[in-house]
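Participant: What follows is each chain in one-letter form.
Protein chains: 4
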Amino acid sequence: MSEDDTPKEEAAPVIRLEPSKTAFIFIEFQNEFTSEGGKLYPAVKASLEKFGTMENAAKVLEKARETKCTVIHCPIQFDKGHAEIGNRPYGILKDVKDGEAFTAGTWNAEFADSMKPIESDLVVKGKSGLCGFASTNLNFLLRQHKIENVVLSGFLANCCVESTMRTAYELGFNVYTLQDCCGATDVDGQEACFKYNFGMFSTPTTSDVIMESIPV
Amino acid sequence: MSEDDTPKEEAAPVIRLEPSKTAFIFIEFQNEFTSEGGKLYPAVKASLEKFGTMENAAKVLEKARETKCTVIHCPIQFDKGHAEIGNRPYGILKDVKDGEAFTAGTWNAEFADSMKPIESDLVVKGKSGLCGFASTNLNFLLRQHKIENVVLSGFLANCCVESTMRTAYELGFNVYTLQDCCGATDVDGQEACFKYNFGMFSTPTTSDVIMESIPV
Amino acid sequence: MSEDDTPKEEAAPVIRLEPSKTAFIFIEFQNEFTSEGGKLYPAVKASLEKFGTMENAAKVLEKARETKCTVIHCPIQFDKGHAEIGNRPYGILKDVKDGEAFTAGTWNAEFADSMKPIESDLVVKGKSGLCGFASTNLNFLLRQHKIENVVLSGFLANCCVESTMRTAYELGFNVYTLQDCCGATDVDGQEACFKYNFGMFSTPTTSDVIMESIPV
Amino acid sequence: MSEDDTPKEEAAPVIRLEPSKTAFIFIEFQNEFTSEGGKLYPAVKASLEKFGTMENAAKVLEKARETKCTVIHCPIQFDKGHAEIGNRPYGILKDVKDGEAFTAGTWNAEFADSMKPIESDLVVKGKSGLCGFASTNLNFLLRQHKIENVVLSGFLANCCVESTMRTAYELGFNVYTLQDCCGATDVDGQEACFKYNFGMFSTPTTSDVIMESIPV
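Chains as they are written, first to last, in this note's numbering: chain A, 121 to 336; chain B, 121 to 336; chain C, 121 to 336; chain D, 121 to 336.
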C-alpha cells in the first residue's frame with residue numbers, strides 16, 4: 121500500500137491495529153482550510169505543502185475504508201450569524217466568529233472533494249468548540265462501536281487535533297497521531313506540538329507506518 | 121398571561137427568572153412523539169391529554185420568546201440505518217433502533233408545527249443518546265450565553281427530560297422542570313418521577329407559575 | 121452460590137460476565153446510610169429491611185472478589201463545613217449541606233463494616249455530586265482497566281445509583297442494576313424507579329442472578 | 121502589591137477580575153516537582169529558575185487570598201502501586217507509573233511548603249489524569265461557587281496546565297494563564313506552548329499583571 125520502500129525498522133512492528141476496534145478520525149477536512157478560496161487556506165498552505173497533508177490523508181482514508189476500519193469525519197460548522205458563540209468571545213472562537221468561518225450551508229463548510237464522506241462513514245455532529253469530544257457525539261459513536269484505537273489527523277495540529285488527542289488519551293483510548301496528515305497555521309508550531317506535546321498523549325506516527333499497521 | 125386566576129401562594133414568589141440568564145430547553149417536540157402518525161404518539165397520547173402538554177408548551181415557548189429568554193430546541197435524530205447506535209444495543213436505544221425512530225430527513229424527526237424553531241432560537245446538535253448534554257453542544261451553548269437558569273420540558277419525562285435535569289443540576293445550573301409540559305409513555309410513571317425524583321435535582325413547577333416568574 | 125433453588129428461567133441464561141471486563145460498583149455503602157447512628161439510616165431502614173440490601177450486597181462483594189472482577193467503591197464525602205457546595209444550594213445538595221452529612225474524617229463517612237475496601241479494590245475519589253461519574257475519577261478507572269460491564273448497587277436507588285446508571289449507559293457500558301442491593305428513602309420510590317426507569321438504561325437484575333452469571 | 125514599578129501599558133487595563141467570580145487554580149505544586157529531592161525536580165529546575173516560578177506563584181497565592189478570590193489547589197496523586205492506571209499504559213501516564221511518582225501518603229505528593237492549603241482554600245479531589253477537569257470535582261467546585269474567571273498556574277505548562285486551559289476554555293470560562301508561574305521539563309517547550317497555543321484558549325499574562333488586576 122505504501123509507496124515508500126524503505127523499511128520502517130522501529131515503529132512499524134509495534135503498531136498492530138485491529139480494524140473492528142479502530143477508528144480513523146478526520147478532523148475538519150473542510151474547504152475553509154483545505155481548498156483555494158477557503159478563508160484559512162492561505163494560513164495553512166505552507167504546512168499542507170511541507171507535509172503533503174492532503175495527499176497523505178486521502179491515502180489513509182482509502183486504506184481505512186478498504187480495511188473496514190471505522191471512518192469518522194469530524195467537521196465544525198456554525199449557523200449563519202455564529203449565534204452558537206456568545207457575544208464577547210476571546211481566543212480562537214473570536215477569530216472564528218469575526219471571520220464568519222465554517223458557516224453551515226456554504227461551500228466553505230463543505231468537505232474537501234478528496235475527503236467527502238460515503239455512506240458507510242460516520243459524521244460527527246455538534247462540533248462548535250475545539251476539542252472533538254467536548255460538544256459532540258464523538259464519544260457516543262466510539263463507545264457504541266466498541267472502538268479502542270483512534271487515529272487522528274486534520275486541522276489544526278496544535279488546536280483541534282491536539283485537544284481531541286488530549287481528551288482521547290484521558291478517556292483511555294489508544295491514540296495515534298499522524299503528523300504528515302495534519303495542517304497548521306505555522307509550520308514551526310506544528311513541529312513544536314509534535315516535538316513537545318504529542319508523545320505525552322499519543323503515539324505520534326506517520327501515514328506510511330499506520331497504513332502498514334492494519335492487516336488487509 | 122396565565123388563564124388561571126387562582127393565586128399561586130407558595131411557589132410563585134420564590135421564582136424570579138432574569139431573561140438574560142435564562143434558557144428554556146424544549147426536548148424532542150418532534151412529530152414522532154407529538155403528532156398523529158408519529159410512531160410513539162400512541163404511547164404518549166394519554167399523557168399529552170392528561171397534562172395538556174402541547175398547549176402548555178406552546179404558551180411557554182411564546183412567553184419565552186416575548187421576554188427575550190434564550191430558547192433552545194433539543195431534538196434527537198439518527199441517520200437512516202441508525203448507524204450511530206452500535207450493533208448489539210439494549211435498553212431504550214434498542215427500541216429506538218429497532219423502531220427506526222427519529223430518522224433524519226423524515227417527517228417523523230421534524231419539529232411539531234406548534235414548536236418549530238424561528239431564527240432567534242438555538243437548536244442543539246448531536247443528540248444521539250438520552251441526556252441532553254451527553255452527546256451534544258448544549259453545555260457549550262449555555263455557557264457561551266452565560267445562562268444560569270434552565271427550564272426543562274418535553275419528552276419523555278422520565279427518560280431524556282430526567283437525564284437532562286440530573287446533569288444540569290450536577291453542572292450547577294438552577295433547574296426548573298415543568299410537569300404539565302412533559303409527556304411520558306405512562307401517566308403513572310410521569311407522576312412517579314415528579315413525585316420521587318424531580319425535587320432532588322430541580323424546582324418542579326408548572327407552566328403557569330413559570331410564565332408569571334419572568335418579568336415582561 | 122445462590123441460596124435460592126428456584127430456577128432462573130429467563131434472565132439467568134442471558135447474562136455472562138467476563139471477570140476481566142466487569143466492575144462491581146458499590147455506591148455509598150457508608151455508615152451515614154447503612155448503620156444505626158447514621159443520619160440517614162432511619163430514612164432508608166425500611167428499604168434495607170425489605171430488600172435485605174446489606175446482606176445481599178455483602179455476598180455480591182465477596183463473590184466479585186473471589187471471581188477477580190474489579191471491585192470499585194464509590195463513596196461521597198465533604199470537608200467539614202461542606203465548602204464544596206455553594207452558598208445557596210437547592211435540591212438534594214441543600215439537604216446534604218444543611219444536615220452536615222458525609223463529613224470527611226467522621227465515622228459517618230466511613231464505609232460500613234461489612235463493605236470496607238481491601239487492598240485489591242479501587243476507591244473512587246472526588247464524589248461531591250450525585251452521579252458517580254460527574255465529579256470523580258470513575259470513568260478514568262473503568263477505561264484504564266478496560267471495563268465493559270458495570271454492576272451497580274447502593275444508595276439511593278433513585279438518586280446516585282440512578283444517575284450513575286444513566287450516565288454509564290450513555291457512555292456505552294453494559295449496565296446491570298441490582299434492585300435487592302439498593303436502598304432508598306421510600307420503598308415505593310425504589311420500586312417506581314426500577315419499574316419505570318431502570319429498564320431503559322440497564323438490565324435490572326438481582327444479587328442471585330448476577331452471582332450465577334460470573335464464571336468461577 | 122507588585123514590586124515592579126514599570127507601567128503595564130497594554131494588558132493591564134484590559135483585565136479586571138472581580139474576586140467573587142474569580143478562582144486561582146494552582147496545579148500540582150507538590151514536592152515531586154517543586155522541591156529538592158522530588159523525582160521530577162531535576163527535570164523542571166531550569167524552568168523554575170528561568171521564570172522564578174516558585175517565588176511568583178507564592179506571591180500570587182498570597183494576593184488571591186488577600187483579595188478573597190477563590191483559591192483552588194489541584195494536586196495529583198495515586199495509591200501505592202498506581203492501580204488507578206491500567207496495566208499497559210503508554211504516554212505520560214506510563215512514565216508516572218513506572219516512576220512511582222506522586223504516591224499518596226509520601227512526602228513527594230505533599231504540597232510545597234510555600235504552597236500549602238489553608239482552611240479557606242479548596243482542594244480538588246480525584247486527579248488521576250492530566251486535565252484538571254477530566255477525573256475530578258473541579259468543574260463541580262467552580263460551578264457551585266459561580267466562578268467565571270479562572271487563573272491557571274503550575275505544572276507542567278504544556279501538559280496538565282495546557283489540558284486544563286483547553287478544557288476550561290471549552291467550558292466557557294474566562295481563562296488566564298501565568299507563564300511565569302509555570303514549570304516544564306523543557307524551557308523551549310514551555311515557551312513554545314505559550315507562543316503557539318496558549319493565546320487560542322486563554323489570555324496569557326504574568327503574575328505582575330494579574331495581581332494588579334484584582335481590586336483590593
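Simulated from the structure, these hints should not be mistaken for laboratory data.
One or more hints might be untrue.
Identical chains share a label here; the pair holds if one copy fits it or two copies do between them.
[What the hints assert, rightly or not] Derived lysine-lysine pairs resembling DSS-like cross-links, with alpha carbons at most 30 Å apart: (1) K200 x K170; (2) K183 x K266; (3) K217 x K179; (4) K141 x K165; (5) K183 x K200; (6) K141 x K159; (7) K165 x K266.
Participant: Now tell me, hint by hint, if it's right for this structure.
Facilitator: Now for the hints, and whether the structure bears them out:
1. For a Cα distance limit of 30 Å, the shortest separation of K200 from K170 qualifies neither inside one copy, at 33 Å, nor across copies, at 40 Å.
2. Proximity of K183 to K266 under the C-alpha cut-off of 30 Å is found in both arrangements, the shortest distances being 20 Å within a copy and 27 Å between copies.
3. Proximity of K217 to K179 under the C-alpha cut-off of 30 Å is found in neither arrangement, the shortest distances being 32 Å within a copy and 33 Å between copies.
4. With identical chains, the CA atoms of K141 and K165 are never at most 30 Å apart, being 33 Å at best within one copy and 42 Å at best between copies.
5. Taking CA atoms no more than 30 Å apart as the test, K183 paired with K200 passes between copies only; the shortest distance there is 25 Å, against 35 Å inside one copy.
6. Taking the shortest alpha-carbon separations for K141 and K159, neither the intra-copy value of 36 Å nor the inter-copy value of 34 Å comes in at or below 30 Å.
7. In this assembly of identical chains, the alpha carbons of K165 and K266 never lie at most 30 Å apart, being 36 Å within a copy and 36 Å across copies at closest.
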